[in-house]
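Enquirer: Given next are the chains, with one letter for each unit.
Number of protein chains: 2
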Amino acid sequence: MTQQDNKVEWAPIATPILTELLGKVRFNEQGLISAIAQDESRNVLMLAWMNREALAETLTTGRVCYYSRSRKTLWRKGESSGQVQHLLAAALDCDLDCLLLTVRQKGVACHTGRRSCFYNALTPTGLIELTEPDITPDALYGAKTSS
Amino acid sequence: MTQQDNKVEWAPIATPILTELLGKVRFNEQGLISAIAQDESRNVLMLAWMNREALAETLTTGRVCYYSRSRKTLWRKGESSGQVQHLLAAALDCDLDCLLLTVRQKGVACHTGRRSCFYNALTPTGLIELTEPDITPDALYGAKTSS
Numbered sequence: 001m002t003q004q005d006n007k008v009e010w011a012p013i014a015t016p017i018l019t020e021l022l023g024k025v026r027f028n029e030q031g032l033i034s035a036i037a038q039d040e041s042r043n044v045l046m047l048a049w050m051n052r053e054a055l056a057e058t059l060t061t062g063r064v065c066y067y068s069r070s071r072k073t074l075w076r077k078g079e080s081s082g083q084v085q086h087l088l089a090a091a092l093d094c095d096l097d098c099l100l101l102t103v104r105q106k107g108v109a110c111h112t113g114r115r116s117c118f119y120n121a122l123t124p125t126g127l128i129e130l131t132e133p134d135i136t137p138d139a140l141y142g143a144k145t146s147s
Numbered sequence: 001m002t003q004q005d006n007k008v009e010w011a012p013i014a015t016p017i018l019t020e021l022l023g024k025v026r027f028n029e030q031g032l033i034s035a036i037a038q039d040e041s042r043n044v045l046m047l048a049w050m051n052r053e054a055l056a057e058t059l060t061t062g063r064v065c066y067y068s069r070s071r072k073t074l075w076r077k078g079e080s081s082g083q084v085q086h087l088l089a090a091a092l093d094c095d096l097d098c099l100l101l102t103v104r105q106k107g108v109a110c111h112t113g114r115r116s117c118f119y120n121a122l123t124p125t126g127l128i129e130l131t132e133p134d135i136t137p138d139a140l141y142g143a144k145t146s147s
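Protein chains in written order, with my numbering: chain A, 1 to 147; chain B, 1 to 147.
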C-alpha cells in the first residue's frame with residue numbers, strides 16, 4: 001500500500017457519557033445496529049453492523065470496530081488486511097437505530113480490493129461493475145480470505 | 001416548499017432484466033434489504049428497507065418506494081409529505097445484501113423536517129443535534145404524523 005496511514009486524533013468518549021450514549025441507541029432484537037461508513041470525500045464505503053461492545057470500543061478508541069454476524073465476533077476493521085478505519089465523526093439517525101460514521105479509510109474498504117463495496121450498478125442492461133479492484137484480495141490478505 | 005421538484009427521467013428496468021436483477025439480490029430472512037439514500041451532493045439522507053416488491057417498483061418507476069417494517073406495507077417515499085425521491089442510480093454492495101441509492105430528494109428526507117436523518121452527533125459531551133428542521137412536521141404532514 002502506498003497510501004499513508006494518516007491517523008487522526010479521536011477525542012475518546014469517556015464514561016459516564018459513553019454509558020449515557022449507549023443507553024440511547026436502539027439496538028435491534030439481535031442487539032445490533034447498522035452502521036454506514038462514509039469517507040471524507042463523502043464516498044459511501046460500506047454498511048456493517050455493531051453490537052454494544054463494538055460501538056463502545058469504536059467510540060473509545062477511534063478505531064472502527066464492527067460486529068461480524070457470520071463469525072459472531074468483534075471485527076476490528078483492518079485487523080487482517082491493514083485497511084483500518086479511523087473515526088472522524090459518528091451520528092445517529094432520527095430513530096436512533098442507524099449510525100453514520102465519517103471515517104478516514106486506509107486503502108480500500110471492500111474485501112474485493114475496491115475502495116467502496118457499492119460497485120454493482122443496477123442498470124437496464126443488467127448488473128454492471130462500476131469499479132475495478134485497486135488491489136487483489138491476495139495482496140490484502142495473503143492466503144486468508146476475510147477482513 | 002420553495003424547492004422545485006426537478007423530476008428526472010429514469011430509464012425503467014424492464015422484464016426480464018428486472019427479474020434477473022431481483023434474483024441476484026440477497027434479501028434477508030424477512031425478505032428485506034437495507035437501502036441507503038444519498039443525494040447528488042453525496043449527503044447521506046436516510047437508511048430504510050425494501051422488499052422485493054418495493055425494489056421492483058423503484059426500478060420500474062424511478063420513484064423510490066421502501067417497505068415500512070412498522071406498518072408492514074409499501075412506503076412510497078413522499079406519498080404523505082410530498083417529499084419524494086427520484087432515483088438517479090442504484091448499486092448493490094459486494095455481498096448483494098445492501099443497496100446504495102443516489103436520489104434527487106425533493107425538500108427533506110427526514111420526518112422531523114430535516115434534510116438528513118443523521119443529525120444526532122455522538123460527542124464527548126453527549127448527543128448533539130447537528131441541524132435544525134427546515135420545516136415543521138405539521139407543515140409536512142398536516143395533522144398526520146408519519147411519512
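Treat the hints loosely; a few may be bogus.
Identical chains share a label here; the pair holds if one copy fits it or two copies do between them.
Listed next, the in silico SDA-like pairs over lysine to any residue satisfying Cα-Cα at most 20 Å (straight line) [what the hints assert, rightly or not]:
1. LYS24 x ALA121
2. LYS72 x ASN28
3. LYS106 x ASP138
4. LYS106 x ASP39
5. LYS106 x ILE135
6. LYS72 x PRO133
7. LYS72 x PRO16
8. LYS72 x ASP95
9. LYS72 x GLU29
Keep in mind the hints are simulated off the structure, nothing from the lab.
Enquirer: Hint numbers the structure violates, sorted upward?
Expert: Numbers 6 and 7 - these are the hints that the structure violates, sorted from lowest upward.
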